[in-house]
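K.L.:
Sequence order for the protein chains is A and B. So that you can map any letter, position 436 of the first sequence is 436 in the working numbering, and since no number is skipped, the others follow by simple counting. So that you can map any letter, position 85 of the second sequence is 85 in the working numbering, and since no number is skipped, the others follow by simple counting.
Treat the hints loosely; a few may be bogus.
[Stated by the list, open to error] Using 30 Å as the maximum straight-line C-alpha spacing, the simulated DSSO-like pairs for lysine-lysine come out as follows: (1) LYS259(B) with LYS327(A); (2) LYS358(A) with LYS151(B); (3) LYS273(B) with LYS313(A); (4) LYS273(B) with LYS354(A); (5) LYS327(A) with LYS151(B); (6) LYS261(B) with LYS313(A); (7) LYS162(B) with LYS188(A); (8) LYS365(B) with LYS317(B); (9) LYS273(B) with LYS317(B); (10) LYS327(A) with LYS183(A); (11) LYS354(A) with LYS151(B); (12) LYS313(A) with LYS317(B); (13) LYS183(A) with LYS162(B); (14) LYS354(A) with LYS272(B); (15) LYS261(B) with LYS188(A); (16) LYS259(B) with LYS188(A); (17) LYS188(A) with LYS151(B); (18) LYS261(B) with LYS327(A).
Because the hints were derived from the structure by calculation, they are not lab data. Keep in mind it's a predicted model, so treat the numbers as computed, not measured.
Here's the letter readout for the chains.
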Amino acid sequence: MSRVIGIDLGTTNSCVAIIENAQPSVIPNAGGYKTTPSMFAVTQDGKRLVGHLAKRQAITNARNSVYASKRLIGRRFEDPEVQKCIELCPYGIVRGQNDDPRIEVGGKAFTCTEIASIILREMKRVAEEYLGEPVQEAVITVPAYFNDPQRQCTKDAGRIAGLEVLRIINEPTAAALAYGFGKKTDEKVAVYDLGGGTFDISILEMSQGVIEVLATAGNTFLGGEDFDRRVVNWLIQHFSESDSIDLRGDAMALQRLKDAAEKAKCDLSQREAVEINLPFIASDDSGPRHLSIELSRETLEGLVHDIVSDTLKTVERCLGDAGLGAKDVDQVILVGGQTRMPMVQQAVADYFGKRPHKGVNPDEVVAVGASIQGEALTSEDQNLLLLDVTPLSLGIATFGGHFAKLIERNTTVPVRKAHIFTTTRDNQTAVKIRVLQGESETAAENDLLGEFVLTGIRRAPKGEPEIEVSFDIDANGIVSVSARDLETGKEQSITVNATGTLDEGEIQQIIEEHELYEVQAKG
Amino acid sequence: MKASVTWEGQGIAMRLGNDGSGSGAERIPHLAPGCDPARLSLTPAEGYLLSRIDGITPLALLRQIAALPAADVDRCLERWAKEGVVVWDEAGRKAARTLSVPQGRATPAAPGIDPSLDFPVEMQHRVIEFEACLGKPYHEILGVAPEADAKTIKQAYFGLSKQFHPDRYFRRNLGPYAARVERIFKKVLEAYELLSDPATRPEVQRELTAEPSAPPAAAEAQAAPAGAAPPDAAAALRLRARLASLGRQHRAHGDRRRKAKGFFESGMAAFKKERWLEAAGSVRLAIAFDPHNESYRSAFSDVQRKAHEERARVLLKEADGAYELGDYKDALRHYEEALHYRAFDAELSHKTGRLAWKLGADLRKAKDYAMAACELAPENALYHRTLGQIYKAAGLTANAKRELQTALRLDPKDVESRQELKAL
Numbered sequence: 001m002s003r004v005i006g007i008d009l010g011t012t013n014s015c016v017a018i019i020e021n022a023q024p025s026v027i028p029n030a031g032g033y034k035t036t037p038s039m040f041a042v043t044q045d046g047k048r049l050v051g052h053l054a055k056r057q058a059i060t061n062a063r064n065s066v067y068a069s070k071r072l073i074g075r076r077f078e079d080p081e082v083q084k085c086i087e088l089c090p091y092g093i094v095r096g097q098n099d100d101p102r103i104e105v106g107g108k109a110f111t112c113t114e115i116a117s118i119i120l121r122e123m124k125r126v127a128e129e130y131l132g133e134p135v136q137e138a139v140i141t142v143p144a145y146f147n148d149p150q151r152q153c154t155k156d157a158g159r160i161a162g163l164e165v166l167r168i169i170n171e172p173t174a175a176a177l178a179y180g181f182g183k184k185t186d187e188k189v190a191v192y193d194l195g196g197g198t199f200d201i202s203i204l205e206m207s208q209g210v211i212e213v214l215a216t217a218g219n220t221f222l223g224g225e226d227f228d229r230r231v232v233n234w235l236i237q238h239f240s241e242s243d244s245i246d247l248r249g250d251a252m253a254l255q256r257l258k259d260a261a262e263k264a265k266c267d268l269s270q271r272e273a274v275e276i277n278l279p280f281i282a283s284d285d286s287g288p289r290h291l292s293i294e295l296s297r298e299t300l301e302g303l304v305h306d307i308v309s310d311t312l313k314t315v316e317r318c319l320g321d322a323g324l325g326a327k328d329v330d331q332v333i334l335v336g337g338q339t340r341m342p343m344v345q346q347a348v349a350d351y352f353g354k355r356p357h358k359g360v361n362p363d364e365v366v367a368v369g370a371s372i373q374g375e376a377l378t379s380e381d382q383n384l385l386l387l388d389v390t391p392l393s394l395g396i397a398t399f400g401g402h403f404a405k406l407i408e409r410n411t412t413v414p415v416r417k418a419h420i421f422t423t424t425r426d427n428q429t430a431v432k433i434r435v436l437q438g439e440s441e442t443a444a445e446n447d448l449l450g451e452f453v454l455t456g457i458r459r460a461p462k463g464e465p466e467i468e469v470s471f472d473i474d475a476n477g478i479v480s481v482s483a484r485d486l487e488t489g490k491e492q493s494i495t496v497n498a499t500g501t502l503d504e505g506e507i508q509q510i511i512e513e514h515e516l517y518e519v520q521a522k523g
Numbered sequence: 001m002k003a004s005v006t007w008e009g010q011g012i013a014m015r016l017g018n019d020g021s022g023s024g025a026e027r028i029p030h031l032a033p034g035c036d037p038a039r040l041s042l043t044p045a046e047g048y049l050l051s052r053i054d055g056i057t058p059l060a061l062l063r064q065i066a067a068l069p070a071a072d073v074d075r076c077l078e079r080w081a082k083e084g085v086v087v088w089d090e091a092g093r094k095a096a097r098t099l100s101v102p103q104g105r106a107t108p109a110a111p112g113i114d115p116s117l118d119f120p121v122e123m124q125h126r127v128i129e130f131e132a133c134l135g136k137p138y139h140e141i142l143g144v145a146p147e148a149d150a151k152t153i154k155q156a157y158f159g160l161s162k163q164f165h166p167d168r169y170f171r172r173n174l175g176p177y178a179a180r181v182e183r184i185f186k187k188v189l190e191a192y193e194l195l196s197d198p199a200t201r202p203e204v205q206r207e208l209t210a211e212p213s214a215p216p217a218a219a220e221a222q223a224a225p226a227g228a229a230p231p232d233a234a235a236a237l238r239l240r241a242r243l244a245s246l247g248r249q250h251r252a253h254g255d256r257r258r259k260a261k262g263f264f265e266s267g268m269a270a271f272k273k274e275r276w277l278e279a280a281g282s283v284r285l286a287i288a289f290d291p292h293n294e295s296y297r298s299a300f301s302d303v304q305r306k307a308h309e310e311r312a313r314v315l316l317k318e319a320d321g322a323y324e325l326g327d328y329k330d331a332l333r334h335y336e337e338a339l340h341y342r343a344f345d346a347e348l349s350h351k352t353g354r355l356a357w358k359l360g361a362d363l364r365k366a367k368d369y370a371m372a373a374c375e376l377a378p379e380n381a382l383y384h385r386t387l388g389q390i391y392k393a394a395g396l397t398a399n400a401k402r403e404l405q406t407a408l409r410l411d412p413k414d415v416e417s418r419q420e421l422k423a424l
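Just chain A, same shape as in the assembly (with noise of 0.2 Å):
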């Protein structure tokens, strides 16, 4: 029987678990890292480089290589964070087709579905090596606020790169598993992920090998990367200020600069003070140019101090949403490779009171925890079950264009939920129903996943025909929504289906392209 691998898809580093022997261990690269960077690139001759080696020649190679690219999965071109990103990443962004972010490199377009798919593909490849055995099946993490598209551009890019992906999960959930596997313990527990790309936060209680979220929050725009371009900035001000030169436009320099900042920022975390050396990193007329700075962790504190109080207030509506205050917390997990920051330990253990769990590597926790799910779905004896919930609010548009919510954020899955409208002329004898998702009060600012229309009402007065909507979410996630009338017992209903950014076509072309690809590969 083929084996459920549990892949974490960071934004900048990835990570892939199994279960062995009843233990999850994670699995080391052929270089003997246990994280593979989610990096891709193309070589000046044509060549496809994924994880290490895409890294170690990003610095000469910066506009051909792809890093963060999760940033920008799902997202519509338009959209401001594809924005920000096109101002701050040295590779070409251009819009695609379906209005997607698209990203050139090697002189060819990719979609970031695609982009991940080759990551994806990469742990697979990790884990095949590693169990001498093909491996089709996986549990893939995403950040807790990943939206439905984002989440199915993710499984896309999982059956592009030949895997089965039986379940996504939200990369909290996963940490929490990760530290209930095998005990016994009642408690309720904060997970703090602060990983490159994202910030998430979720409160998870666990009893009796049950572990239900209670609730979760984040901010699928905050990371460390945020950390490493505040110093950045900082380099770039400083020679600015030196040489009298702006960096800003020098792909190759930034790179340079970003490489060397993510070093700073974690040496920091051990030592007080680092000495930043980028040699060449410049020439004008008077010769080249060298950039040599001290950066204490006090300096980096400061340019970074608001991101890290902006996470605690992304914290405390969590958990107002689950009812709790900071001390009803027992336990706090840190994950993310930026909670190594002492600065960050010590804000979260100000917050709630507690110093957090040790024991867990931040870097790998996820990753294990989506293995212990691929386990605790597929293996015969369970002991351990996830309750897991829908991430964002589902319900209709109502007269005025409000939204009525239905299923609230948070709601554990699958569920039920059904709710009794009424017409608002008199004579009306048709509704439609606009099935919106999203958490704002106006219609208008909600996504419309479908629409449809309950005909055949009796005609009466406004306010007296009962329409009972309901809508029913499934383990799998798939939702549907139907409308009746009490009176006539008319019915209508749908299904919706989540569409990532490419349709079914185009993913059937990419995975053939793929096989082309890997056949001249390996010929």
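Since chain A is already given, all that's left is putting chain B on it; use the hints.
P.N.:
For chain B alone, coordinates are given in the frame of chain A:
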């Protein structure tokens, strides 16, 4: 969902007639007349399944020939039945009505029990038993006492989740039980949500005492597929809808209270840092969001006092500055405004009144300020003299005389008052 309930009811019943091995063997789906399958959104496998429905092929065979797991075949058909694409054999329906009462566990071929499924026979019995309880009061669904505490309710919910959450049977062939297990879980979840939410619990309790006999599951299962919901089912729906909206309202209130708390806390933080104006603003917002919170109100009077002092201090500083620069009008405006916050300040009242008089501005206002100063400090000769001078300027000689005399009585050495009196 109603249609599928009925459908499942038939499912249980129909298998009574056969040997129990081929579940659903007698059920034959037909394409509904006049329906257009093109409007559906189907995967190729589903499309293939739809193309096999010819009014002859029974469900059991469809399960075998479809390129889908049996559970998915059932799910598709259930969905299409709901969407009106597929109708079931009329004979089957009659059978359902006559035979829809579960018989309990009797013989190996008990009703609806299918040992060939990847679902333990004892769990199949458990599902049938549980389905009979679905119409019962919520606490009975969870198997707890009506007055059970939050912890017991949660434990019961977790325990039942372990039995009925669909993930327990991931990719196993549960046949018709897949949808039924999911339906039970949803009901368990509903019971848990309503009983564990402090906003809905009392309402659930009230309904319990008012309506001791909730609609039994059988009534739900026998509802005609295209007919109206029975009245008690409709009532149950209405109750559920009401409970749901109660929960929502409660949460909305909770949101407001949380916001209020946030504002109050930042207000208090500002107060500690002696940023009085900011503190007052935040506490005012807290009261706006949670008007019934007494502690916010009592804190507000303290904060407000401090804020007023602060505001007055700033205004006085500006007024004095303007005065020194010779911009008397501006100084007067600031003094007047400061007086709003320092109505107890006799000296300020006097100063303001005097300035108003000297500027030849509104004499009535000048008089009011001076009078206020005299009331606050009745023994101050200077204030009475100023008031007298203002009266004099206004032509109210009698009043002017009275005030100047008072001033002179309080301070016999007051030369100016004496001269003013003489002039009068």
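K.L.:
With a cut-off of 30 Å on the C-alpha distance, tell me whether LYS183(A) and LYS162(B) pass.
P.N.:
Between LYS183(A) and LYS162(B) the Cα gap is close to 16 Å, so the pair holds against 30 Å.
K.L.:
Could you grab the alpha-carbon distance between LYS273(B) and LYS317(B) and see if it respects the 30 Å cut-off?
P.N.:
Between LYS273(B) and LYS317(B) the Cα gap is close to 21 Å, so the pair holds against 30 Å.
K.L.:
Take a quick look at whether LYS365(B) and LYS317(B) sit within 30 Å of each other, Cα to Cα.
P.N.:
holds (22 Å)
K.L.:
Is the hinted pair LYS261(B) and LYS313(A) satisfied, with a Cα-Cα distance of at most 30 Å?
P.N.:
Distance of about 14 Å is within 30 Å: holds.
K.L.:
LYS188(A) and LYS151(B): Cα distance at most 30 Å?
P.N.:
Given that 30 Å is the threshold and the Cα spacing comes to 13 Å, the pair holds.
K.L.:
For LYS358(A) and LYS151(B), compute the direct alpha-carbon distance and say whether it is at most 30 Å.
P.N.:
Holds - the C-alpha atoms of LYS151(B) and LYS358(A) are around 28 Å apart, at most 30 Å.
K.L.:
When you check the alpha-carbon spacing of LYS273(B) and LYS313(A), does it fall within 30 Å?
P.N.:
holds (21 Å)
K.L.:
Need the status of pair LYS259(B), LYS327(A): alpha-carbon distance at most 30 Å?
P.N.:
With Cα atoms ~19 Å apart, LYS259(B) and LYS327(A) stay inside 30 Å; holds.
K.L.:
Please work out if LYS273(B) and LYS354(A) have their alpha carbons no farther apart than 30 Å.
P.N.:
Holds. LYS273(B) to LYS354(A) sits at ~26 Å (cutoff 30 Å).
K.L.:
Does the structure keep LYS327(A) and LYS151(B) at a Cα separation of 30 Å or less?
P.N.:
The hint holds at about 18 Å.
K.L.:
Holds or violated: are the alpha carbons of LYS259(B) and LYS188(A) at most 30 Å from each other?
P.N.:
Measuring from Cα to Cα gives roughly 24 Å; hence the hint holds.
K.L.:
Run the distance test for LYS313(A) versus LYS317(B): straight-line Cα separation, threshold 30 Å.
P.N.:
Roughly 38 Å separates the two Cα atoms, so the pair is violated.
Going through the hint list in order, the structure does not satisfy hint 12, though it satisfies all others.
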